[in-house]
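**Student:** Each chain, written out:
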Amino acid sequence: SQTIHQWPATLVQPVGSPLSLECTVEGTSNPNLYWYRQAAGRGLQLLFYSVGIGQISSEVPQNLSASRPQDRQFILSSKKLLLSDSGFYLCAWSGREAFFGQGTRLTVV
Amino acid sequence: AQKVTQAQTEISVVEKEDVTLDCVYETRDTTYYLFWYKQPPSGELVFLIRRNSFDEQNEISGRYSWNFQKSTSSFNFTITASQVVDSAVYFCASSGTSYGKLTFGQGTILTVHP
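For the record, the sequence lines run as chains G and R.
All residue numbers for the first sequence refer to the working numbering, where the first residue is 107 and numbers rise by one.
All residue numbers for the second sequence refer to the working numbering, where the first residue is -10 and numbers rise by one.
Source of the hints: derived by calculation from the structure; they are not laboratory data.
Be aware that a few hints might be false.
Taking CB as the label site, the calculated pair distances span [said to hold, decoys possible]: (1) R/Glu4 to G/Gln161: 18 to 28 Å; (2) G/Ser135 to R/Ser60: 20 to 30 Å; (3) G/Ser135 to R/Thr9: 33 to 43 Å; (4) G/Pro124 to R/Ser31: 20 to 30 Å; (5) R/Ser31 to G/Ser183: 21 to 31 Å; (6) R/Val13 to G/Asn169: 26 to 36 Å; (7) G/Asp177 to R/Thr9: 23 to 33 Å; (8) R/Gln46 to G/Pro120: 20 to 30 Å; (9) G/Thr134 to R/Gln46: 26 to 36 Å; (10) G/Thr134 to R/Val3: 15 to 25 Å; (11) G/Asn169 to R/Lys(-8): 21 to 31 Å; (12) G/Lys186 to R/Ala70: 24 to 34 Å; (13) R/Asn41 to G/Val166: 19 to 29 Å; (14) R/Asp11 to G/Ala146: 30 to 40 Å.
Distance condition first, Cα-Cα at most 25 Å in a straight line; then the derived DMTMM-like pairs of lysine to aspartate or glutamate [unchecked claim]: (15) R/Lys59 to G/Glu203; (16) R/Lys90 to G/Glu128; (17) R/Lys59 to G/Glu128; (18) R/Lys(-8) to R/Glu6; (19) R/Lys5 to R/Glu48.
Computed from a predicted model, the values in this text were never measured in an experiment.
Heads up, the beta-carbon is just placed ideally off N, CA and C, and yes, glycines get one too.
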């Protein structure tokens, strides 16, 4: 069966520091992968998606970037975090529906 | 572009009451999909149901039921005989043919009191 792993679960980072969140999927090949963000008290917003290695599509302009160095690995990065980057980040892969990871709660201080 | 509206921000009920969560969607796609997800306090999103735009049959799964009406662009979710474990945030979402590119509503916080 397919599983999705996302880490770390929680992260507190100072403004201006770099960020790297990692997501890996097991049990499937060439999955479509997604990064979503949930701001406090709001719905989820799609940030990036990828249909293959090295292929990244950005849905909203922002301080973040994504990369897919391997088939089942999806990384969310930032060179310098802003306060507004705080939120709950969820990685997902899709088959006939989207399956989400456990999420990373990022607090930028 | 798609849009999903969940007008109910918070709902509070007492255990064993029935509760309906409303969802209204907007899309120009002829083929689209509608979803409900549950987000418990742990934060992960739990898939509940997917419906496609060509299937308006209502669906029942245990205490959960869904009513899809294209005429009113609605996809409502009913929990019968609610339980404390149903307390969570519930999201309605839509997509085109790419299932993972979801447009979410703002979510409804459901609190079931014992």
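**Student:** Against each hint, give a clear statement of whether it holds in the structure.
**Tutor:** Hints and how they fare:
no. : hint                              : verdict
1   : R/Glu4 to G/Gln161: 18 to 28 Å    : violated (48 Å)
2   : G/Ser135 to R/Ser60: 20 to 30 Å   : violated (41 Å)
3   : G/Ser135 to R/Thr9: 33 to 43 Å    : holds (40 Å)
4   : G/Pro124 to R/Ser31: 20 to 30 Å   : holds (27 Å)
5   : R/Ser31 to G/Ser183: 21 to 31 Å   : holds (25 Å)
6   : R/Val13 to G/Asn169: 26 to 36 Å   : holds (32 Å)
7   : G/Asp177 to R/Thr9: 23 to 33 Å    : violated (42 Å)
8   : R/Gln46 to G/Pro120: 20 to 30 Å   : violated (52 Å)
9   : G/Thr134 to R/Gln46: 26 to 36 Å   : holds (29 Å)
10  : G/Thr134 to R/Val3: 15 to 25 Å    : violated (42 Å)
11  : G/Asn169 to R/Lys(-8): 21 to 31 Å : holds (25 Å)
12  : G/Lys186 to R/Ala70: 24 to 34 Å   : violated (51 Å)
13  : R/Asn41 to G/Val166: 19 to 29 Å   : holds (27 Å)
14  : R/Asp11 to G/Ala146: 30 to 40 Å   : violated (23 Å)
15  : R/Lys59 to G/Glu203               : holds (21 Å)
16  : R/Lys90 to G/Glu128               : holds (19 Å)
17  : R/Lys59 to G/Glu128               : violated (39 Å)
18  : R/Lys(-8) to R/Glu6               : violated (30 Å)
19  : R/Lys5 to R/Glu48                 : holds (20 Å)
When held up to the earlier numbered hints, the structure conflicts with 1, 2, 7, 8, 10, 12, 14, 17 and 18 and fits the remainder.
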